[in-house]
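Generate coordinates for the entire structure from the input sequences, incorporating the hints supplied.
Sequence lines, in order, name chains A and B. Mapped onto my numbering, the consecutive letters of the first sequence carry residue numbers 1 to 349. Mapped onto my numbering, the consecutive letters of the second sequence carry residue numbers 350 to 546.
Keep in mind that the hints were calculated from the coordinates and are not lab data. Note that the structure is a prediction, hence the values are computed from the model and not measured. Note that the Cβ used here is the ideal one computed from N, Cα and C, for glycine as well. Honestly, I wouldn't trust all of these hints.
Some chain B residues near chain A, calculated using beta-carbon distances under 10 Å [as the list claims (entries may be wrong)]:
hint : residue
1    : G352
2    : L353
3    : E386
4    : A430
5    : R433
6    : F437
7    : S438
8    : A440
9    : D444
10   : A456
11   : A459
12   : L470
13   : T541
Calculated Cβ distances over 12 Å to all of chain A for the following chain B residues [to be verified]:
hint : residue
14   : T365
15   : Y366
16   : E379
17   : A387
18   : G439
19   : D472
20   : G483
21   : Q484
22   : D505
23   : S519
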Amino acid sequence: MKADAIETSAALLDVLCPMCLVLDARAQIVHAGPTARKVLGATGLIGRHFFDLFEVKRPRLDPGAPGLRAAGGRRLHCVLRGPPRTEFKGVAVPLPEEQVLGPAGGVVVDLSFGIGVIDAVGRHDLCSADFAVTDLAVEMLYLAEAKAVVTDAWQKLNQRLHGAKAAAEEEAYTDTLTGLCNRRALEPVSQRLIASGEEFVLMHLDLDFFKSVNDTLGHAAGDHVLRRVAQILRTETRDGDTVIRVGGDEFVLFLEGRTSEEELARVASRLIQRLEQPVAFNAEVARISASIGSTRSSSYAEPRLAMMMDDADLALYAAKQAGRGRHVAFKPALRKAVESPPGGAVTPV
Amino acid sequence: MHGLINRAMELFLRDTYGQEAWEEIARRAELAPPEFEAMLDYPDALTVDVLGQAAELLGKPEAEVLEDIGTYLVSHPTAEALRRLLRFSGADFTDFLYSLDDLPARARLAVPQLDLPPVTLTDHGGQKFSVTVGQHGTGGFGFGHVLLGLLRAMADDYGALVLLEYKGRSGRAETVEVQLLETAFASGRSFTLGAAG
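Here it is as structure tokens:
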């Protein structure tokens, strides 16, 4: 803004405080700064009563020039009476009784948007020339925009880190050979099930004759069989069920619902039947079976993973003892039987 | 060097020469994964290496790559947010030149960790200026050339007609000379204070 030597106090005000209003002793607007005209609308502005245009919310004052004069120097909080009800910060400066700087008994009111400047700029289509050169409004707008850009960058970084964390967690719970969950998933899965209050079955499944596949056909054949086993376990279970490879040829299955004795027996025998189907590997055929011990969450007052694992182990042990390739559901009687085993230890196969 | 500077270089290379070229540059500079995080810090040597690899792959002098980065930062749609932030510095190009000294402080106000080299404007009268950029960090990254590209693009943005000349390095500082021929030569690109978002 180019300013020649000023001739009137109004011209001075236009440069120093472009959003000021000069009121006469009746609080009628006699002069408005360039930005005030832009914001308040130039037509019909001169001659309007200040209090018709604004409501002074704080401090409480008598509507009229004397009221404004009495509040001179204090921070005014005003609101436009009509829409868009823009809020202003302001200050009133009483003019002298002699007509030297402006109308005698009048007031100069300088206005500013305060913190509302960000909305006001868009609403009233303001540019940097609309603010006094010394006004920090443009710097404030710069900061607000810079803050938004930087916050956005942080947010994107956070999202990426969050995604990476989720992927790492999933990896940590996954068995790389079979794609099933690994034993780290035991605790969280059981906790989730127990907390849900749903009845569920814990199955401990151990492959039979797997060791001989590894020994006679080699580890590649063993790996192939394990992948095939994983595939069968996945297809024979439902979406809400969880299959965990807890060791070399040991698996734990959590089955939701389907907890009746008959249903459990049916699921187990179908699993064994499918696992016994010969698996072709190169020119060779691998044959395995599986023994299963199971226990139901409903048989415990307060189901806990360690206890259920112990009982499923006992049932599995009983299945092995009874000749492998079968399923045994846990019963408390098994505990006594194991404490005095009739047939000695089961050799691993 | 701050991630924002590295990220700017990455975006420039990707937007201008394609994803494949960028991945090759990143591979040669052993940047894995081939992506800079805008809000993380990286060793200065890595920034210098990426720039060197880019110059080699593209068969251009480093100075030219740097100058193109400066232009890109103002004129490419990807960098629109930055163009806007720069435009807050002044109502016209003269105003913008006068505010160059504040540039590092403005950057720090937005991102306290972003450390830019000091910039000094000298007004020689007759619409002649020189802008001096100090050395940053361990060296090897010529901000002077970036500034040259950036000033050229900002002049266009404001619609000003300027002659710019890179005057070389003296000690740890680089100098760009600016001859402002006309402030309002063309209409420039529009900028409204409240247009973001």
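These are the hints, each one checked on the structure:
1. G352: holds (9 Å)
2. L353: holds (8 Å)
3. E386: Constraint on E386(B) satisfied, holds at 6 Å.
4. A430: holds (5 Å)
5. R433: With a closest approach of 6 Å, the R433(B) hint holds.
6. F437: holds (4 Å)
7. S438: holds (8 Å)
8. A440: Nearest chain A Cβ about 5 Å off; hint holds.
9. D444: D444(B) check passes; min Cβ-Cβ to chain A is 9 Å, inside 10 Å.
10. A456: holds (9 Å)
11. A459: holds (3 Å)
12. L470: Hint on L470(B): violated, closest Cβ of chain A at ~18 Å, above 10 Å.
13. T541: holds (7 Å)
14. T365: The claim stands: T365(B) keeps its Cβ more than 12 Å from every Cβ of chain A (closest is about 21 Å).
15. Y366: holds (23 Å)
16. E379: Check passes; 20 Å lies beyond 12 Å.
17. A387: violated (5 Å)
18. G439: violated (8 Å)
19. D472: Given that every Cβ of chain A is farther than 12 Å from that of D472(B), nearest at about 18 Å, it holds.
20. G483: Answer for G483(B): holds, closest chain A Cβ roughly 23 Å.
21. Q484: At about 25 Å from chain A, Q484(B) clears the 12 Å cut-off, so the statement holds.
22. D505: Holds, since 19 Å exceeds 12 Å.
23. S519: holds (32 Å)
Hints 12, 17 and 18 from the earlier list are contradicted by this structure; the remaining hints agree with it.
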